[in-house]
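S.K.: Each chain, letter by letter, is given below.
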Amino acid sequence: MENNFENKLNELEKIVSQLENSEISLDEAIKLFEDGVKLSGDCRKILETAERKIKTLTACEDEENG
Amino acid sequence: MNALSVKQLNLFVKSLIEGDARLNNVTVTGEISNFKNHYQSGHFYFTLKDSDASIRCVMFRAYAQRVSFLVNDGQKVVLKGRVSIYEKDGQYQFYAEEMHEQGLGDITLQFQQIKEKLEKEGLFAEENKRPIPKYPKRIAVITSDTGAAVQDILNITERRYPICEIMLCPVAVQGENAVPSMLDALERVYALSNCDTIIIGRGGGSIEDLWAFNSEALARKIYESPIPVISAVGHETDFTICDFVADLRAPTPSAAAELCVPDKNELLSLLEKRIALLKGALLAKANYSRAKLEALTQKTVLSNPLLITQKRSEEVDYLTEKLMSAFSFILNKEKGRLYESIARLDALSPLKVLSRGYAIAEVDGKTLKSVTEIENGEKFKLKLRDGSINCTVDSKEI
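Sequence lines, in order, name chains F and A. In short: position in the first sequence from 1, add 13, done, that's the numbering used here. In short: position in the second sequence from 1, add 9, done, that's the numbering used here.
Only chain A is shown next, with the shape it has when bound in the complex:
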């Protein structure tokens, strides 16, 4: 006999089920029981049953995250998914990929239709989402002025960031008037163009109460907004079209208030840290500069600036001295030549002869060198050491 292992058997059945096209895409309806949201994995484990039968179901985290309502035992739901076998225990089970509340019927369908349509048009596109201003001066709050939501928003913004102005635009948030009054409020805020952020929303309520926030007209008006819009509708588990089209979805109105203003205490402590950093940096810079200045002033040229001129002064003195000595050398040399000439001149001077008692005879300034140069009776001058005598020739002797 050819026996299969249990595992082989389970795997064989599994392959048969998974090979069936219909079992791969099943929509089934029933009531939830034994619901467990596994806190670690995030997967849903539950049993789907009706009056006659039940089936074990798993919804993995990736799909469970997309479920837009709180799942409870006894809830009637429509599941979409596939059937397979968990080969470890041979249990056949339903692997859910979508979960919708049953009974909402029309309303859910309408919601889905609007959502898909606007999504296709790109109204929800991530790249169109604008960042929320960090330090808003004025925030427009579009909500009911009687609800708890407006009080929460006012309290939180006052506590966190009191310098921000809140412009309250009271509107109807449910009933026939809700959509027109919200459209009107948005229009007025756009026209004023003196706000940094818009919060639009309301507190929790039934899906019918929140219905105005699924309005296509409202979605389109929000998409046109010149400033970032925060949507804050109902509780964390409520999703509306308004949430998808807004620049930011806040899970609740209180959360919206926290998201749109900074916390003044955090800001103050940040400011203090920055100031301390600044002081430190300034001090370090001053110390560095002072050290640099001291090093510079201690250099010789600054501590004893006269050295600059002293060195030059020495040069000038040296050259001047050389100039003097070179010139006196030349002068002395020339002087020597002069004295020598004077001595020689002196030696040849006729005055020297006269001083010894000799005389010179002159006629008209011409020295007589022979008796033949003068006749008897003619006049001549006899020059002596201290003057001259006018004479006449008496007679001549040769």
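Isolated chain F (complex conformation):
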């Protein structure tokens, strides 16, 4: 679970390079695109959660210091 983000990012990278290879069929491309969009969304969500956490933590600290 810790490498979830990394794994997802790697997966996305792989999908992009598969899509860039124009030999694949449309059906395959659609399937890959759907997967890719989902992965991209997941990655964003993980990052947003992390960012929120960091902001909360630094906010607490500021309050303590203030």
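Everything labelled a hint here was simulated from the structure, so no lab data went into it. Every residue gets a Cβ at the ideal spot worked out from N, C-alpha and C, and that includes glycine. Watch out, some of these pointers could steer you wrong.
Said to hold, decoys possible - One side only, chain A facing chain F, incomplete, derived with CB under 8 Å: (1) P314; (2) L315; (3) T318; (4) R321; (5) S322; (6) E324; (7) V325; (8) T329; (9) L332; (10) A335; (11) F336; (12) I339; (13) E343.
Claimed, not checked - Calculated lysine to any residue pairs in the SDA-like style (CA-CA distance at most 20 Å, straight line): (14) A/K89 with A/E107; (15) A/K124 with A/E225; (16) A/K331 with F/L60; (17) A/K390 with A/G366; (18) F/K21 with A/T329; (19) F/K68 with A/L315; (20) A/K331 with F/D48; (21) A/K331 with A/N341; (22) A/K342 with F/N34; (23) A/K320 with F/E26; (24) A/K320 with F/R65; (25) F/K44 with A/S337; (26) F/K21 with A/M333; (27) A/K344 with F/D40; (28) A/K97 with A/L13; (29) A/K320 with F/T71; (30) A/K89 with A/Y101; (31) F/K44 with A/E330; (32) F/K51 with A/E330; (33) F/K68 with A/K320; (34) F/K27 with A/E323; (35) A/K331 with F/G54; (36) A/K344 with F/E36; (37) A/K331 with F/F18; (38) A/K143 with A/I175; (39) F/K27 with A/Y327; (40) A/K344 with F/E47.
Following the hints, put chain A in place on chain F, whose structure we already have.
M.R.: Chain A only, in chain F's frame:
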């Protein structure tokens, strides 16, 4: 004539005297006069005399230290030692190695006998001596409750270390009752087993007054003590069996009190020094830790933690964009193919022909391509651009 030097002569006589076995181990008795305790070397110089004669005597420090009484002019003593010549001035003299008071006779002999016996048994052995507790809670004082000794002990312990309790065990310190009462007191202190140290002793007195402290029974009882014993009998020059068997000999009762408790003022100043050290150390540690913390927080990851996610965010954006463009590329390519097919389909569409005014004849959904495919009177459908007409064949022309 063959002449000797003076030195040679003296050395020759010296060698003759020192070669004599009897002169090497002589016991002689007489009265001391001209006594000098050399303050630097610690050697004794004196003359031993009787009514008819005198001899110069030396007692070197190593031996003089063992003399257990204060030496005075006029004192009658028994000396043990050897005879020799001091070649510098040709004086023949007595080199004393032991000195005993004469006249004490029996008593001294008895003392020596007890001392030797107990020493042989190991009651005085250094390795059996225990250290005196540094911070005693309770001290048993076995002495007379009427003497100056008990007052000295109480005063000094009160002044130096008032938190220490003194348990006073009044005993007879001289006379017939002395030994039994001291044995009894020791027994009771051992049984109570709530003391850290015992002081046993008395103030100064004659050798007869101090005699109880040479008791063999008392010595053995002290040797059995479960806790350290300080002996404090008489003055600095008085030695008793009790002193030898005790864990520590104090020269006087006052000295015993000083030896068995610490000084509160010294302790307080030591405590203050330690507290200052502690404070300093704590402060240094806090400063060090604060500096370390500051250095850490100033690192980018902590001062701007969002950089961690920002970098990752860029990666995700980059890949997402690539995903989109790669997919739209494929999509556009497929779209192109589709439009091309539609155009071609469109070009071939029969509807296009109908729109120009042509019609299609069909029988049961089948297009008529020749007049031979239908007979007179049969029905057929004529399809136009916007609908169809139901017709019947009247006649055919070829």
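S.K.: Please go over all the hints and tell whether each is borne out by the structure.
M.R.: Against the structure, the hints:
For A/P314, the shortest C-beta to C-beta distance to chain F is roughly 4 Å, which falls under 8 Å, so the interface hint holds. Annotation: A/L315 was flagged as interfacial toward chain F, and the flag holds, the nearest CB pair being 6 Å apart, inside 8 Å. For A/T318, the shortest C-beta to C-beta distance to chain F is roughly 5 Å, which falls under 8 Å, so the interface hint holds. Checking A/R321 against chain F: minimum C-beta separation of about 6 Å stays under 8 Å; hint holds.
A hinted interface residue such as A/S322 counts as satisfied when its beta carbon comes closer than 8 Å to some beta carbon of chain F; here the least separation is about 5 Å, so the hint holds. For the restraint placing A/E324 at the interface with chain F, the shortest Cβ-Cβ distance is roughly 6 Å, inside the 8 Å limit, so the hint holds. A least Cβ separation of about 4 Å between A/V325 and chain F falls short of the 8 Å threshold, and the interface hint therefore holds. The beta carbon of A/T329 comes within 4 Å of a beta carbon in chain F, closer than 8 Å, and the hint placing it at the interface holds.
Annotation: A/L332 was flagged as interfacial toward chain F, and the flag holds, the nearest CB pair being 4 Å apart, inside 8 Å. Checking A/A335 against chain F: minimum C-beta separation of about 4 Å stays under 8 Å; hint holds. Proximity of A/F336 to chain F holds as hinted, the smallest CB-CB distance being about 4 Å (cut-off 8 Å). Residue-level restraint check for A/I339 holds (minimum Cβ-Cβ distance to chain F is 4 Å; threshold 8 Å).
Here the hint on A/E343 is kept, as its CB sits about 5 Å from the closest CB of chain F, short of 8 Å. Of the supplied pair hints, the one linking A/K89 and A/E107 holds, its CA atoms being roughly 5 Å apart against a limit of 20 Å. Of the pairs offered as hints, the one joining A/K124 and A/E225 holds, with about 9 Å between alpha carbons and a cut-off of 20 Å not exceeded. Distance check on the hinted pair: A/K331 and F/L60 sit about 19 Å apart at the alpha-carbon level, within 20 Å; holds.
About 16 Å separates the Cα atoms of A/K390 and A/G366, which keeps this hinted pair within 20 Å; it holds. Distance check on the hinted pair: F/K21 and A/T329 sit about 12 Å apart at the alpha-carbon level, within 20 Å; holds. For the given pair, F/K68 sits about 8 Å from A/L315 by alpha-carbon distance, which is consistent with the 20 Å threshold. For the proposed pair A/K331 and F/D48, the alpha carbon gap of about 14 Å is at most 20 Å, so the pair holds.
For the suggested pair A/K331 and A/N341, the alpha carbons sit about 15 Å apart, so the restraint of at most 20 Å is met. Between A/K342 and F/N34, the direct Cα distance comes to roughly 13 Å. Compliance with the 20 Å bound is thereby established for this hinted pair. Only pairs whose Cα atoms come within 20 Å are accepted, and A/K320 paired with F/E26 is accepted, the gap being roughly 16 Å. A distance of roughly 15 Å separates the Cα atoms of A/K320 and F/R65; the hinted pair therefore holds under the 20 Å criterion.
With a C-alpha separation of about 14 Å, the suggested pairing of F/K44 with A/S337 holds against the 20 Å cut-off. Between F/K21 and A/M333, the direct Cα distance comes to roughly 17 Å. Compliance with the 20 Å bound is thereby established for this hinted pair. Taking the CA atoms of A/K344 and F/D40, the gap is near 13 Å; set against the 20 Å cutoff, the hint holds. With a C-alpha separation of about 15 Å, the suggested pair A/K97 and A/L13 falls inside the 20 Å cut-off, and the hint holds.
Proposed proximity of A/K320 and F/T71 is supported: the alpha carbons are some 19 Å apart, at most 20 Å. For the hint linking A/K89 to A/Y101, the alpha-carbon distance of about 16 Å falls within 20 Å, and the restraint holds. For the proposed pair F/K44 and A/E330, the alpha carbon gap of about 17 Å is at most 20 Å, so the pair holds. Between F/K51 and A/E330, the direct Cα distance comes to roughly 14 Å. Compliance with the 20 Å bound is thereby established for this hinted pair.
Distance check on the hinted pair: F/K68 and A/K320 sit about 16 Å apart at the alpha-carbon level, within 20 Å; holds. Distance check on the hinted pair: F/K27 and A/E323 sit about 17 Å apart at the alpha-carbon level, within 20 Å; holds. Restraint check: the Cα-Cα separation between A/K331 and F/G54 comes to about 14 Å, which is no more than 20 Å; the hinted pair holds. At most 20 Å may separate the alpha-carbon atoms for a hinted pair to count; A/K344 and F/E36 meet this at roughly 16 Å.
Of the supplied pair hints, the one linking A/K331 and F/F18 holds, its CA atoms being roughly 18 Å apart against a limit of 20 Å. Taking the CA atoms of A/K143 and A/I175, the gap is near 15 Å; set against the 20 Å cutoff, the hint holds. This hinted pair checks out: F/K27 and A/Y327 have alpha carbons roughly 13 Å apart, not beyond 20 Å. For the suggested pair A/K344 and F/E47, the alpha carbons sit about 18 Å apart, so the restraint of at most 20 Å is met.
Hint compliance for this structure: no hint is broken.
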